[in-house]
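Chemist: Residue numbers (this note's numbering), protein chains in the order written: chain A, 1 to 338; chain B, 339 to 676; chain C, 677 to 1014; chain D, 1015 to 1352.
Calculated from the structure, these hints are not laboratory results.
Backbone N, C-alpha and C define an ideal beta-carbon position, used for all residues, glycine too.
Please note that a few of the clues may not be correct.
Unchecked claim - Taking lysine-lysine and the BS3-like style, the derived pairs with C-alpha atoms no more than 27 angstroms apart in a straight line are:
hint, chain 1, residue 1, chain 2, residue 2
1, B, K641, B, K454
2, D, K1112, D, K1130
3, B, K454, A, K333
4, B, K454, B, K559
5, B, K662, B, K505
6, D, K1134, D, K1347
7, C, K1009, D, K1347
8, B, K454, A, K324
9, D, K1112, D, K1134
10, C, K1000, D, K1347
11, B, K392, B, K436
12, A, K333, A, K98
13, C, K1009, C, K979
14, A, K116, A, K167
15, B, K559, B, K641
16, C, K1000, D, K1317
17, A, K333, B, K505
18, B, K662, A, K333
19, C, K730, C, K1009
20, D, K1130, D, K1338
21, A, K54, A, K167
22, C, K792, C, K843
23, B, K436, B, K505
24, C, K774, C, K979
25, B, K559, A, K324
26, B, K454, B, K671
27, C, K1009, D, K1317
28, C, K843, C, K1000
29, A, K303, A, K324
30, A, K324, B, K392
Claimed, not checked - Which chain D residues face chain A? A few, computed with CB under 8 angstroms, are given here:
hint, residue
31, A1043
32, P1067
33, V1154
34, G1157
35, E1158
36, I1159
37, G1265
38, A1266
39, A1277
40, V1278
Protein chains: 4
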Amino acid sequence: MKDFLNVGVIGAGRIGRVHTETLTYRMPAARVLAIADVNLAAAQQLAAVCGVPKATADYRDVLNDPAIDAVLICSGTDTHARFTEEAAHAGKHIFCEKPIAQSLAEIDQALAAVAKAGVKLQVGFNRRFDASFRRVRDAVERGEIGQPALLHIVSRDPAPPPVAYVKISGGMFLDMTIHDFDMARFLIGAEVEEVYVQAGVTVDPAIGEAGDVDTAVIMLKFANGVIGTIDNCRRASYGYDQRVEILGSRGAISTMNNYPNGAVLSDGASVRRDLPLNFFMDRYTESFANELVAFVDAVLHDKPVPVTGSDARVPVVMGLAAGKSYREARPVKLCEIQ
Amino acid sequence: MKDFLNVGVIGAGRIGRVHTETLTYRMPAARVLAIADVNLAAAQQLAAVCGVPKATADYRDVLNDPAIDAVLICSGTDTHARFTEEAAHAGKHIFCEKPIAQSLAEIDQALAAVAKAGVKLQVGFNRRFDASFRRVRDAVERGEIGQPALLHIVSRDPAPPPVAYVKISGGMFLDMTIHDFDMARFLIGAEVEEVYVQAGVTVDPAIGEAGDVDTAVIMLKFANGVIGTIDNCRRASYGYDQRVEILGSRGAISTMNNYPNGAVLSDGASVRRDLPLNFFMDRYTESFANELVAFVDAVLHDKPVPVTGSDARVPVVMGLAAGKSYREARPVKLCEIQ
Amino acid sequence: MKDFLNVGVIGAGRIGRVHTETLTYRMPAARVLAIADVNLAAAQQLAAVCGVPKATADYRDVLNDPAIDAVLICSGTDTHARFTEEAAHAGKHIFCEKPIAQSLAEIDQALAAVAKAGVKLQVGFNRRFDASFRRVRDAVERGEIGQPALLHIVSRDPAPPPVAYVKISGGMFLDMTIHDFDMARFLIGAEVEEVYVQAGVTVDPAIGEAGDVDTAVIMLKFANGVIGTIDNCRRASYGYDQRVEILGSRGAISTMNNYPNGAVLSDGASVRRDLPLNFFMDRYTESFANELVAFVDAVLHDKPVPVTGSDARVPVVMGLAAGKSYREARPVKLCEIQ
Amino acid sequence: MKDFLNVGVIGAGRIGRVHTETLTYRMPAARVLAIADVNLAAAQQLAAVCGVPKATADYRDVLNDPAIDAVLICSGTDTHARFTEEAAHAGKHIFCEKPIAQSLAEIDQALAAVAKAGVKLQVGFNRRFDASFRRVRDAVERGEIGQPALLHIVSRDPAPPPVAYVKISGGMFLDMTIHDFDMARFLIGAEVEEVYVQAGVTVDPAIGEAGDVDTAVIMLKFANGVIGTIDNCRRASYGYDQRVEILGSRGAISTMNNYPNGAVLSDGASVRRDLPLNFFMDRYTESFANELVAFVDAVLHDKPVPVTGSDARVPVVMGLAAGKSYREARPVKLCEIQ
């Protein structure tokens, strides 16, 4: 067993920067040896800030570096599957941002390469590593609420993405709800068999013109009988709204949003507090670090990764089923997808 | 205009007693002149406690009393439609506990009689008069949250009714969810066009054997585009759970449960409070009084009643559609019902 | 033992009306036979509303009525001691609004008359009967928080009384803090030995010109070692603020304010709720009823009253000590007061 | 202006380690060049973890290093004054953990040296940099609550320190309350003129035998008329309890404790959440980083430090006055201290 992990980062955008800083500043067990970005200046700048010895415009410089044990794939979504496949061929362990791809064929090809290479693959469903959601999962696992019966997930963004992004996003179910699909499976610890969707456009007509929806409720039928609902909206005027609630046979557990401070102000108008954390990078700061700690630990100590390739594939199936349910206005079984 | 209303009460059971006490002790504008119950002793006892001059085993003694302006129908559910019809024929204004009937034919016949007689009819959907739900409705009406987009109703009983009751209850959708159907229409101020149900038995297998469900999620598609979900369970181990949440274009509003006290205890184990009010008569005490205040006011001052005959009929249609959706495992439009 | 209590009410002002309505409408075990008020019209009006057979301008008509078992003294504060004494002489059980008097000599004379007559006397410290404060007392009694060490009482009025009232009120410590002195003794279940006061005028200079303060902190040293603080202000812009907190060796308990509804509204500005109940009659509605239930029960069933004459006297001693501490800028032992 | 600050750290204990890690991993604008600790192994280990080039047992190696711009004094409390003085002589900017000393003579000598040298000195009252307390200060500064009138600080440790530590701690007022004295001055933005203390031993008799108290309430009289109370206890069974509340003429602001997660669990026993963060290093994590950011910024950009030498001295005066008040059982003016 090695004492620390040599890591290469592909993609020097927002999430690439966050992960590189985490590895550099918060994780003595990891060392970033190289950063690649097609925008070489971005790679160089990040490398300078974090003291990373190599910056390159070619991701292959990372994959071919024999000193590198593991790669973080933080590049554009359309490259995830291909880079995962190539990294597997190169024998690197892989942490890949979600989704690997929006087509099951691409995902399956990448997962096959990973399986063949025998490397570890962890997918970036960071919310599993949030303290509140982790506490809910613990309650379910420990039986604190008995047998789960009903799940409700509220997942609302503070503001919609640009329409240009919406057009290439794969649609709300694959772009936004996919996190909630993962959360549903994670919290209940069982698979979903069927989905039913009601959706519409209430936030921005341009999103509708782009062929997408911005507001939706997705009903989930789990194999173990649990019934779930996901309440999605591209805009919550009060900020980033991320909550879950589970009713079980012996109790219920729910979570609150995260706030920038714990102050409550009362005056002649109301009793109030400041808005919840508005930006996913603030809301989920710790979860981004925690998932890397888990990944580095899994690789260094040859443990199972906590979010597997299968965990990356199933939410895509759910997203495709949700889209089909919406278009066909009927419940759709997951087994109908491929 | 009269100064006060002379009322007759039919049915001296639990809700009959509550209403009689409210009229007697809290409403100077109303006077109870007679109480009828097939169980004469019950009628007599309640009359004695509340100083009501007449107790009778025959409801017709109430309907035929020319001094009585209005009747409260608090008898068994199977008598509501018939008594409403006869009270209308007798020219009495009517406050009828929900539901008027579980068959649309009976309801329609009763409503026709009411229309023909020109009397007022208010139906006992008391939850509309709860301070928290009223505040939510106010927020919607005033535009405090902008245009509503998503509605979520949590409605869970502390414990299931006896199976013997379940068998004659008309099923959970007509017996329990009917209050939530009313709440959904009330809060959003629009009609539902379609329902879709997932349901099962997680509380008591005997309820399943009786042909009913005890756990359900009902998705609602409103005519104005709002998407709603109702989360129902016959048992919440922590007590009576009654909450709503609406997301609108400019904000959201949600409610908390009601508690017997506002004390928070912290010790080496947790930071906690006592369980929410467990019994619907405690949770909704004020709403039962408020609905009578509104009824008496509507009759005395010839105002529209706040909960109409139509408000009684539509939730039954929704309940029938929910049952059909559950049996046929598909979304059901309300227009499919009759 | 009698089945119900015949009561006479002296004083038809605000609290007299509340108590008369409670006895009339909510307590089958009590019957109001007479109401006296120097303002005869007020007595007559209240009698009419509540169906009380006798209204009089002379309180002696109440005291001399042999059918009356007990009297409620709800008249002006300056009459409490004298009426209590006379009622005792007349052999009536007595519920007297607080304070009996602001002079210990008057209180002692009244209490001596009560003792001599062997009648029951309960004093109107209604807050003891509030569900939240009762829950705190229960926690202390049951040992849920172990041995109490620190007590903090927040007691702030929504707005100061008129200066004309301030001038005859006996000063803030005897007029307002007196309730908190009672609460402190009630919650801890021990006596206070010493008080120390810091106070000033922050709300209304006219209160200062009238020789009083409107803002104060009173430190209490209990015989059992508990240290208490009372945080008083004549104005809280956000409404009536009434909270307590106790730290014990095994935990802590605190209370929240009471709100008109449980709705929480989130928008682009804040996450907020409506202001707490603003008026003491709304905040303490149930406590006013509960204290009468306890009084009627104590008289009918010859039980000890829950708030005794001594409970009326001690807070006056504390108020006098507080005034002395403020004037002399030093801690004052209660034994220094007469 | 330099781009980054070269820092030397004196003291490799708990807080020294935290600060070194913060400077190393979270602050690109700072670089740690040397670590000194009389325990050389501790200095070497920390240097190795953080990549610090020099570790030494002699703090003079830090003070004499011409490359070092600023020093962090994180050694034992009894060395703070001397090291501050010597660092000033050496021309280093200084961040010194609180307190500089428990004797005013030592503090004054150190502050004189700092003044003479013209270096910057910031003292480690980290709580000022906590988001919740910062929000309260902001509310006061912005006038959101109008003119402050009453301040209440709750500051309770999860468990008392070892008695051996208590004996050398300078007593609770100088060891624990000193943070609250600073917080009181910071939040109100005014000076305290007089203190009055009630205190006792309720947690551990051994603390009493050591001549100290473990439970206290300290009343503060501010120059601007605000009245404050500090509620201190060495043990809160439910964890670290750190809250403040201010009443102003136009409103009030209060803070909640910090929790490890936002989950609420309801079952047949209670509605509850996990205990608040129990350890000051967890509760105040961000504040420790924020204070260093401010220090580095102040030195690099020649701005005033946010916590001055005077801010270090005044709380010691308050602590000495509190001790005197307790011993003499009377209010003590700060001007009585030296």
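Chemist: Decide if the proposed pair is consistent with the structure: K792(C) and K843(C), CA atoms, cutoff 27 angstroms inclusive.
Modeler: violated, 34 angstroms
Chemist: May I ask you to test the interface hint for V1154(D) with respect to chain A, counting a Cβ-Cβ separation under 8 angstroms as satisfied?
Modeler: violated, 11 angstroms
Chemist: Take a quick look at whether K54(A) and K167(A) sit within 27 angstroms of each other, Cα to Cα.
Modeler: Since the Cα atoms of K54(A) and K167(A) sit roughly 35 angstroms apart, the hinted pair is violated (cutoff 27 angstroms).
Chemist: Tell me if the interface restraint on P1067(D) is satisfied: Cβ within less than 8 angstroms of some Cβ in chain A.
Modeler: Violated: closest Cβ of chain A sits about 14 angstroms from P1067(D), beyond 8 angstroms.
Chemist: Can the restraint linking K843(C) and K1000(C) be considered satisfied, given a maximum Cα separation of 27 angstroms?
Modeler: Holds - the C-alpha atoms of K1000(C) and K843(C) are around 18 angstroms apart, at most 27 angstroms.
Chemist: Decide if the proposed pair is consistent with the structure: K730(C) and K1009(C), CA atoms, cutoff 27 angstroms inclusive.
Modeler: The hint is violated at about 48 angstroms.
Chemist: Holds or violated: K454(B) and K333(A), Cα atoms, limit 27 angstroms.
Modeler: violated, 50 angstroms
Chemist: Take the C-alpha atoms of K1009(C) and K1347(D), compute the straight-line distance between them, and say whether it is at most 27 angstroms.
Modeler: This hinted pair holds, its Cα atoms lying about 21 angstroms apart.
Chemist: Check whether the Cα positions of K662(B) and K505(B) lie no farther apart than 27 angstroms.
Modeler: Status holds; Cα separation ~18 angstroms.
Chemist: For the pair supplied as a hint, K662(B) and K333(A), confirm whether the alpha-carbon distance does not exceed 27 angstroms.
Modeler: holds, 20 angstroms
Chemist: Given the hint that K1009(C) pairs with K1317(D), does the C-alpha gap stay at or below 27 angstroms?
Modeler: violated, 51 angstroms
Chemist: Taking 27 angstroms as the top limit, are the C-alpha atoms of K1000(C) and K1317(D) close enough?
Modeler: violated, 49 angstroms
Consistency note: the structure conflicts with the earlier hints numbered 3, 4, 6, 8, 13, 14, 15, 16, 17, 19, 20, 21, 22, 26, 27, 29, 30, 31, 32, 33 and 34.
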